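K.L.:
Sequence:
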Amino acid sequence: MAGGAMAGGGDALRALLRAANALLRQRRYRAALAVIKGFRNGAVYGAKIRAPHALVMTFLFKSGSLREKLKSIAQATYTHSRNLAYFVFTYKGLLAAQGKKTPFHSFLAACIGGWLVFGDNNPVNSQIIMYLLSRILFGLARLAVDKGYIPQPRQDPFPLLAALVWGTVLWLFEYHRETLQPSLQSSMTYLYQDSEVWHDVSDFLIYNKRTDSNKAAFLFAVC
Numbered sequence: 001m002a003g004g005a006m007a008g009g010g011d012a013l014r015a016l017l018r019a020a021n022a023l024l025r026q027r028r029y030r031a032a033l034a035v036i037k038g039f040r041n042g043a044v045y046g047a048k049i050r051a052p053h054a055l056v057m058t059f060l061f062k063s064g065s066l067r068e069k070l071k072s073i074a075q076a077t078y079t080h081s082r083n084l085a086y087f088v089f090t091y092k093g094l095l096a097a098q099g100k101k102t103p104f105h106s107f108l109a110a111c112i113g114g115w116l117v118f119g120d121n122n123p124v125n126s127q128i129i130m131y132l133l134s135r136i137l138f139g140l141a142r143l144a145v146d147k148g149y150i151p152q153p154r155q156d157p158f159p160l161l162a163a164l165v166w167g168t169v170l171w172l173f174e175y176h177r178e179t180l181q182p183s184l185q186s187s188m189t190y191l192y193q194d195s196e197v198w199h200d201v202s203d204f205l206i207y208n209k210r211t212d213s214n215k216a217a218f219l220f221a222v223c
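Take 1 as the starting number for the sequence shown in the UniProt record's numbering and just add one per residue.
Hints were generated in silico from the structure; no laboratory data involved. Computed from a prediction, not measured in an experiment: that's the story for all the values here. Glycine is no exception: its CB is placed at the ideal position from the N, C-alpha and C atoms. Heads up, some of the hints might be wrong.
What follows is a set of in silico ranges between Cβ atoms, one per label pair, in the way DEER data are often shown [said to hold, decoys possible]:
#1 R18 with S63: 49 to 57 Å
#2 S187 with P159: 19 to 27 Å
#3 D194 with K69: 14 to 22 Å
All chains should be modelled from the sequences, with the hints used to inform the complete structure.
P.N.:
Structure, rendered in structure tokens:
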């Protein structure tokens with residue numbers, strides 16, 4: 001009896017999978033299904049990108065209990081995953097609604113999606129926009145060369161770019177720190193400011209900053 005029920009359940013599942021696969025092969029639903037899969041891919045990619053980054057940044061630079069840190073990681077991951085899923089859904093949905101795909105249609109659909117989904121000025125959105133901005137500038141520079149708007153460089157301009165970028169960011173950090181994005185401030189403080197402070201071997205080589213707990217652990221280890 002139980003075996004028959006299990007077999008019946010398996011048959012129902014196989015029938016459901018066959019029906020789903022048949023639906024996925026229907027060309028008339030392809031545009032709508034592409035929007036749905038875009039939503040899925042946006043959610044998965046956002047989580048895969050944000051979770052490791054949030055994990056490292058939270059445990060390196062944020063204080064608080066383990067519960068608070070895990071909550072912060074989960075919240076940042078959820079926000080990135082949700083926003084990217086919403087954006088892909090909006091962008092592909094608008095393109096499907098417009099029908100014919102042209103450069104202007106792509107630009108307009110992405111502008112609308114960016115305004116609606118990423119318009120809130122929060123840390124996650126800010127990092128995403130800055131990430132995209134740097135790649136846009138590189139892409140536009142290459143496009144300008146390809147189109148002949150600017151001449152092909154005789155030498156690789158990357159060393160000059162690297163010098164200007166690092167010179168500018170350290171100047172901003174040293175003299176106008178408040179203008180930099182908070183996570184960049186934290187990273188640069190760790191690298192360039194915290195390295196100016198130490199009391200003994202414990203916070204010179206083992207720990208970045210001396211606290212009562214790690215000082216006690218160090219003294220216990222050496223004694």
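K.L.:
Determine for every hint whether it applies to the structure shown.
P.N.:
Structure-based check of each hint:
Restraint check, R18 to S63: a C-beta distance of roughly 54 Å satisfies the suggested window 49 to 57 Å. Hint check: S187 to P159, Cβ distance near 23 Å, so the stated range 19 to 27 Å holds. At roughly 20 Å, the beta carbons of D194 and K69 sit within the given window of 14 to 22 Å.
Violated hints for the displayed structure: none, as all numbered hints are satisfied.
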